[in-house]
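Undergrad: This is what each chain is made of:
Protein chains: 2
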Amino acid sequence: MIEKTIARWHELLETNDQSILDELLADDVTFHSPVVHTPQEGKEITKLYLASASNVLGNGDFRYAREVLDGNNAVLEFVTEVDGIHINGVDMIRCNDAGQIVDFKVMIRPLKAINLLHKKMGEMLQQLAGN
Amino acid sequence: MIEKTIARWHELLETNDQSILDELLADDVTFHSPVVHTPQEGKEITKLYLASASNVLGNGDFRYAREVLDGNNAVLEFVTEVDGIHINGVDMIRCNDAGQIVDFKVMIRPLKAINLLHKKMGEMLQQLAGN
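For the protein sequence lines, the chains are Y and F, in the order given. So the first sequence is residues 1 to 131, counted in the working numbering. So the second sequence is residues 1 to 131, counted in the working numbering.
These are calculated hints, taken from the structure and not from any lab test. What you are looking at is a predicted structure, and each value in this text was computed from that prediction instead of being measured. Incorrect hints may appear among the rest.
Since the list gives no way to pick out one identical chain from another, each pair is judged satisfied if it fits inside one copy or across any two copies.
Stated by the list, open to error - Derived SDA-like pairs (lysine to any residue); straight-line CA-CA distance at most 25 angstroms: (1) K4 x A98; (2) K120 x N96; (3) K119 x T15; (4) K112 x E41; (5) K119 x I2; (6) K112 x G42; (7) K112 x H10.
Full structure from sequences and hints, please.
TA: Here is the structure:
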């Protein structure tokens, strides 16, 4: 079920074509950050968080290392390096029966990486939200 | 493939029968903690980490919220509460073709939870390693 959604997700990352993201995210999508407990509700705030994450993590080192797809759920494990710190994380994606993403959760390890992300994502969110 | 392994994993958690863990873990299993980058190699150290995690997280509130199984990989998402802090995490499990676990990785969110775990796991590892 979620295979097509994930194929489109990879196209988004390759092309950076934001119309794919608009098409992929359901209007009532929920985003769960690795840093904060409270979920972020809705398409606009989710796009803001995904853009921030992409700016912070999406350098030349970023690659997916493992994909686990099952029904309407996908877990994409990634690795990258930012400022010399190893970052390992997961994008946990749930889609509805139309293949749109309704839930997007990110977890990060190890502790050093989450502390770095906390700092960088905060700065990036302020920058992007200010534009 | 991994379905049987995960069924046994749940039996382990229900019964706390450590012979199941002995049977489930491959001798060359690698454990990846949510806190530290460096992997822990081998069955004995992995058992120590899993016992510590079980002692810290495995209270009455612990439950699995989502399971994503695909081929030799499983991702089990859990939620619990420790000292009033919401903890959300994943057990990422890979097994070999014999159904034995060869790789066990844990990630935790949000930041408050990983900071709490860091402190509690450190204390628990010292206690268990000292016995």
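Undergrad: Give a verdict on every hint.
TA: Structure-based check of all given hints:
1. K4 x A98: Within one copy, since 10 angstroms is at most 25 angstroms while 31 angstroms is not.
2. K120 x N96: neither (31 angstroms within a copy, 38 angstroms between copies)
3. K119 x T15: For K119 and T15, neither the intra-copy (27 angstroms) nor the inter-copy (42 angstroms) Cα distance is at most 25 angstroms.
4. K112 x E41: Between copies only: 21 angstroms across, 28 angstroms inside.
5. K119 x I2: Neither: 32 angstroms inside a copy, 38 angstroms across copies.
6. K112 x G42: between (29 angstroms within a copy, 24 angstroms between copies)
7. K112 x H10: neither (27 angstroms within a copy, 31 angstroms between copies)
Hint check: violations occur at hints 2, 3, 5 and 7; the rest are consistent with the structure.
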